[in-house]
Amino acid sequence: MGRRRRRVEGAARALPEAIAALSRSLPAGPSPEIFRRAKFDRPEAAPVLWQLLFRVLSPLAANNALTDLAPEAQARVVKSALVSQGYPRSAMLQSPEGGPQGSRELLLALSWLLARGPLLEQLLAQTRVQLGDELPQCECDTLASRGLPAPHVETERPVDLRLVEWMMGKLRFGWRRLISSQQEQCALLSKIHLYTRGCHSQKRLGHLSVAETEMLRDPESSQQLLQALESENARLEAALEWRHRELVFWQWMDTVLDACWSESPAVTSQPTVLPMISERGLGALELVKQDLQALQEELREAAERRREAWEAQVGGLGRQPEWSTTRKALQEAVERELVALQGSWEPSSNPSQPQRPHRLVRSQDELPGRQGLQAAEVIRTLSAQEASLKRALHQLQSQCQRELARLAGALPGLIWIMAPGH
Amino acid sequence: MLGAKADYLLPMDCARRLVAEMQGALDSCAERQRQLERSLRVSRRLLQVWVRLRICLGVGSVWAMPWLPCLCREPARTPAPEPETKEEAATPACTPNAQDLKELELLTQALEKAVRVRRVVSKAGQRDRTPSLTSASNATASGATAPAHSQVPSQAGSRASSARSTKGVQRATVSARSADPECRLRPRGDRTQVGTGAQAIRPGPGLRDQQMAPAAVPPATELFTLKEKGTLLQLPVAFRKAASQNSRLWAQLSAIQASDSTDVTRAAKTEFLHKLQTASGSSSHRPGAAEVEAQAQSLRKACTLLRLHMQKELSAAPTDWMQEYRVLLILEGLQTIVGQCLHRVQVLQAAATEQLPGLRLVEKPTQASSLCGGELHSSWSPELLLYSSTKELQTLAALKLRVAMLDQQIHLEKVLMAELFPLINTQEAGRPPWLALCRAAYSLLCEGGERFLTVLRDDPTD
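In order, the protein sequence lines correspond to chains P and D.
With the working numbering applied, the first sequence covers 1 to 422.
With the working numbering applied, the second sequence covers 1 to 462.
These are calculated hints, taken from the structure and not from any lab test.
Worth double-checking, as some hints may not be accurate.
[Said to hold, decoys possible] Straight-line alpha carbon distances no greater than 20 Å define the calculated SDA-like cross-link-like pairs of lysine to any residue that follow:
(1) P:LYS39 - P:PRO96
(2) D:LYS241 - P:ARG359
(3) D:LYS414 - P:GLU165
(4) D:LYS414 - D:ARG451
[What the hints assert, rightly or not] Derived coverage of chain P by chain D (criterion: at least 3 residues anywhere in the stretch with Cβ under 8 Å from a Cβ of chain D; other residues may be distant):
(5) 200-213
(6) 287-299
(7) 338-345
Every residue, glycine too, gets a C-beta built ideally from N, C-alpha and C.
Okay, chain P solo, but in the shape it has when bound (with noise of 0.2 Å):
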């Protein structure tokens, strides 16, 4: 009986702990006590929760306007995010906006945040302090449109195709400018890890980064990273822990689930909301079809070809024993590299891809026990792909001037001058 109760007030315990280190560790995160009353769908839990989600579903909204969003258009902010990501429940997206109801739907939507990925080291990942210089991450597209919310466009009325070419002429401005800032910038960068050449506490950085010397420059800025930097290292002690103990939290949640399940089984008759596509994501995806329907024809070719002309070039080679062993070990071979490659492009990539965060060092000297990725090395890869992608430019091109071309030689009593260099 003792043993039993110590347990279970053990188990009483370790909920709040664990709610508490996931408190911590989100931002602007509420009371364990909040959790537990919105279990029993109280309504007083529903304010924080509501402006929680609104954190954590627009992590970046903290430093712009969009905090002072009254809590309505807050809540709308939540639910047209939840909704994008393909979130489940009706109810919730169904219930007022911003009122004191269903403050367990907010808990619901939260732990399914959280169920699904890395929510918390996604968040603290955005909001990292970052102390190196690192390259622009092109990777991930904020220079490309895709990804980005489509911007607020007001079109009324019918739009001059001369506007797009304008439009164009800009991007081409915006292009070229930004890569001479960015040769500057490079230069700058280079000039300041030279001069502060071994003064890093850290030997296999070596010098500073622009953030490090800056913040002995200013002091205002150093008391600034250091406070930034403490409070990090505080969100990721939470999360840490948030992650040894958050077991018992999910245990929670089923309770949560069924309170819920027992109090409105008719949830099922609910008409579900469909979360809606943009018409931008379908596009995005038909494009993307087409593309791997071109490759998958150019492949199929190639390898008829090559297929047909391996068979009649070894055609007898296959009945010597020694044959079958090399072709097993080389069918092995490239199964991995194959493997390799597939893990490049899915999200749950390996960890030396590019996708990581890369601190930029000087190495002056060769040093030997230095790790990290070879600036020449990522060089030989963007070179592969800029060749590649300008022939994938240069291909659409001609064939829309072939398609320009065929339009305009059907019509009689016109010259078409092309312009130089075609």
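Could you slot chain D onto chain P? The hints should help.
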């Protein structure tokens, strides 16, 4: 020449899509430029002259503008009679011009001499202070140090002299015992507090106005550039501690996440997600917009990489039959992978448009979607990217930018093709608006907007 003067008005829905695409591209480009300008400003400032101010107050009491604490590599060894006198702080962003700096330097020399003379004088006439000394004290009485130095002139003087004898770059030490109450409480060598000192006393012209008023004991300065003394910089202890703790914590978090997939917690979470899904009345996972876009992006990347791999294999000339066989296997393997990708696209399209109700996504939905567009970092600690020269860094950065731009250009090309060709095909051919459209389409689609097409009407009636 035709078409030059004719307008072509895009239909409304088409215009909305195109302008949104272009605006998105322009916005992200501008945002990137803004970020770059910000870092450029900081970097440029770092490479300009750093100024460390040192201010003498009253009788030999040397007040170093608490600045640049870390120039001194072994700060703890600096002889200093009391912990609080160790305090230094820094002067932020004031970049005086060359003329000012020259004057300051001259003044510094004069002041240093004055301090030396003062010390001698004050030692000689400790009990009977000279009028000039008193006036000096009075002059600074408006400053924050007033109460202190009437009591401690000689002490301060000796302190200053001991500081002067210090080796290294640290040329000035502080007395200023009453200036900033916090100063006294700071443990020696604790560099975290440096900022507060500087906040208490704003350097630069403002400081001269407020504190150094009539007697105008000007600041002594030390001027240097990163180039000259950059290697002597040292990171504050507190910062070093926090930074190493930070990287340790990130590494721990990555390690936990890597092991996460196997344990009980993972199972509990999956169970929760499943239960929630069922309780919500939908048996299948329907992808949200963010997920579809993230998947599309990942597939696009897959397509690029697969194509790259294919080209690499096709361009290499096999030297023996083993290699030939290997290439064949690779090509066939790539074909299979492309097939899988296409299947994934179809499943996604079907799920998104609800053509096949109840269809489950075969991919792991928990991993595929994330807040930042599908990028899931399996490790959160930064890796090193080693470069050897400015040139190399510039090449690397330019290439990265080029790749991103080409990527965007191809995307825009496809969008424009999809929008413009249907218009060209449906318009009545040969009329001025059609010609204007063709001309614009040619420029946008074939020349990247750089050049134009000339259309001449070869009219037989002329």
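**Asked** So which hints don't hold here, by number, going up?
**Response** Every hint satisfied by this model.
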